[in-house]
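A.B. asks: Protein chains in written order, with my numbering: chain A, 1 to 461; chain B, 1001 to 1410.
By construction, these hints were calculated from the structure, which means they are not laboratory data.
Honestly, I wouldn't trust all of these hints.
Calculated lysine-lysine pairs in the BS3-like style (CA-CA distance at most 27 Å, straight line) [said to hold, decoys possible]:
(1) B:K1384 x B:K1119
(2) A:K444 x B:K1384
(3) A:K142 x A:K153
(4) A:K153 x A:K309
(5) B:K1185 x A:K444
(6) A:K292 x A:K256
(7) B:K1185 x B:K1223
(8) A:K256 x A:K142
(9) A:K401 x B:K1185
(10) B:K1223 x A:K401
(11) A:K292 x A:K309
(12) A:K309 x A:K142
(13) A:K401 x B:K1215
(14) B:K1215 x B:K1185
(15) A:K309 x A:K256
The structure presented is a predicted model; accordingly, all values stated were derived computationally and were not measured.
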Amino acid sequence: MIFRSFDFSALIVAAFVAAAGGDNFTTHSQRIDLVLQQRHEAEGITPLPRCNDLTFLRRVSLDLLGRIPTSEEITQFELNPDRAAIIDSMLESDEFERFVSEVWTGWLLGYSNAFNTDRELFRIWIEREIANDVNFQEMTRKIITADGSVAAKGQVNFLARHRYNPAVTVSRSFLGVRLECAQCHDHPFDRWTQDDYRQMRRFFSTMRFSNRDGTIMLQDRNANNRPGNRPTFLTGSEALTNRYREELALYVTNCKPFGRNFANRIWYQLMGRGIVDPPDDHNQENPPCDRKLLDQVTEIAVTENFQVKPLIRAICKTEAYQRQSADSTTSATAINLFAARQIKPLLPEQYVDSLLIATEQPLDSRRRRQMIRRAVGQQNLNEDFQRTWDYRETVQQLLEKTNVEIGKQTSQSAREESLEQLYMRILTRRPTSEERMACQDHDKTDVAFALLFGNEFFFNH
Amino acid sequence: MINRRQLIGGSVGGFFAFAARNRFAHLFGDTVASGNGLAKRCLVLWMEGGPSQIDTFDPKPGTENGGPTETIGTSGDFQISGLLPTVAQQMHNLSLIRNLTSDEGDHLRARYHLHTGFKFVPSFPRPALGSLISHETPAAVVPKYVTLGGSGFGPAYLGSDHAPFTIENTQQARTLLENVRRRGKRLSLLRELDEPFNSRQNDHRVNTRRALLEKIESLAATKFADSLSIEGISNSERARYGNSQFGSRCLVARNLLEAGVNFVEVQLGGWDTHANNFASVKRNCEQLDRPFGALVEDLKSSGLYDDTLIIWMGEFGRTPAINGRMGRDHFPSITPVVIGGGPINTGLAVGQSNANGTQIDGNSYQVADLFATILSAFGIAPDKEFTTDFDSPTHATEEGTVISELLESV
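Just need the whole structure built from these sequences, with the hints factored in.
C.D. replies: See the structure below:
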């Protein structure tokens, strides 16, 4: 069901022809919406309508730039609320590249520099690759075949970070396949056997890590095996040469699960839940919520040659992306089938940058990094962040967060500006009449505090 | 080998050994005011860096590997390093494990192993022992798992309610809680203004965070904040704890255990002695000796000892051979542990290393066995089943068996 027969043709020769004429991206988006519409009709689900403009602005700004919009951006957008145009312009900004690199680094490495790795160098590498329009297939190939020093080449840090279990991490990150169970026994509800795991591990058997002058070096020793004795990929195909990692990179990046995983991963990051959800666990017991939808989004990813921006553009321009978020009356099925928007907590980076904007503080990179580490939480630093939208805050973290001084500047502004300005600056919306009443007798600094640390600020909805 | 506890209170031990053998042993827990009941609390003294066993609890005087360390008699059935005279007087309340072995020689991996009982697999996160104890003990208003002086590992699939409350600086933590108390008005306004959003949503994460926000309000009103202070403690009392930072932390740990915290870990760094091992170990032992001894003594006299496990350990032991920089390197093959309190048999040295300390003589135990012993002392079945976030069934420990010298059960 997943894949056994190796099928280059389906992906390498991307034979999908975009509909003649018109804007490709609109077409992509419409195709996605059409698949969903058919499913919703079949299920008798009425999808929620589009969210209002300010909600959309906050949402897309958090998703593409990693922060809430500034007061000026809000004013500009209200003058010209062109959703497609703002998506396009955000995708062309430096902030977009930086933010995507942050999300991906969290996904692929987590938040620490464990095992003498350099997380920030890896992030910078991703940012540059995206800026240079290197596609995800090529980036993955570079990651799997990387060698050299972790301090000199950003991409080496992935395997250095995961050097104790590269096979499991590569399968999970790039194929969405979990081999963890197969480390000790055959997978209980999938086809993976312990032998599959052993074979995958052999692809990394040539890796040698050494510690030179305090930095980790990755090099390969020569493998010298005859055909028939070389490692075999999950598809059953054997490595054709003794350059195992090169061989593996080819197999991984050209098999069907690679495309599906990439499409599903980007979808998950934007939509808050995967078509296969959780996104790192594609297996027979955890099928996509809609097979056609997964095929459609994968097709777009392939047609666009695994470029990040066109896929994100296509998803952001769908109705599905722009719907109102689920409320307490929305059924679980409607949420699962993207008939309502799934809300998601802010990532540490999103939270810190949004807090700095909402409190009108400068974005000092060193202070920002410290704040992000604190927002991740000590006990989470070495944890796995493949499931980007898990909620992990603890009592202590909230205690510390709500204890930051919100700044003289903020208090000053809070007193001078109107309640409406305060709400716009922090929550990107105007206060309701009930809220005006509730705030009447309170100091504005207290109101600012309440808005900054409440749930409405902490979630992207 | 003589087991003092068996000599002194054989029948009591027998009864609880029987109780521990039965899964419903915890039913007896509350009726035990004194005597060797099941543990309800745990205190870990974590020696960050990996403490040298030969220079602390498994000395080899007169051998080439032994170095200059002299030995001292103890109140237990064995000798330890002369650098720990106060601890030596408490050894009838503690036992040594001299035959624990591991193969994790990397700091992070070993730290993880000795904190969770499992090997480090990033995609299969395991809860820290503190999180597990927190999960398995009744709900409380105070945080149930606190670390002092360094961070702890997280709760993995047990959920963020069981994350460690990590305190680097007790004064700071106390100020934090006092600020919350002071800002009570702001928090209630927050609750009011956030309500429309919260009631509109249909998401467990929103509910979790709302509950956490309420929890910080109630936390500020407990005696947790007060127990972070040692201001009221007399100078002579502080002197017993050695007037060091580690000593102050141990005093706070004592307060916390008394305030109802179930798991406290106090960290003492500086044990990664690749160079100048002997000077460093001496300095570390000077910091460790008085607070460690005083803690055991105080827990004993307050009665908390009877249901509090006390564990001293670090990532791994250190090489018996002394390297060219007068240092000792990582040596997981022998990982020293000291344990006592609750139902644990004490005054014993479990297992032994050979004459020059290069390997274990005879029977050895694994880290999983240590964890099976700790959990059993709490009345938690080592093979208790849990389900991970990704729906995989798993157990509380990794197929360990209880160290029979320390705990008669299962």
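A.B. asks: Of the hints stated earlier, which fail here?
C.D. replies: 2
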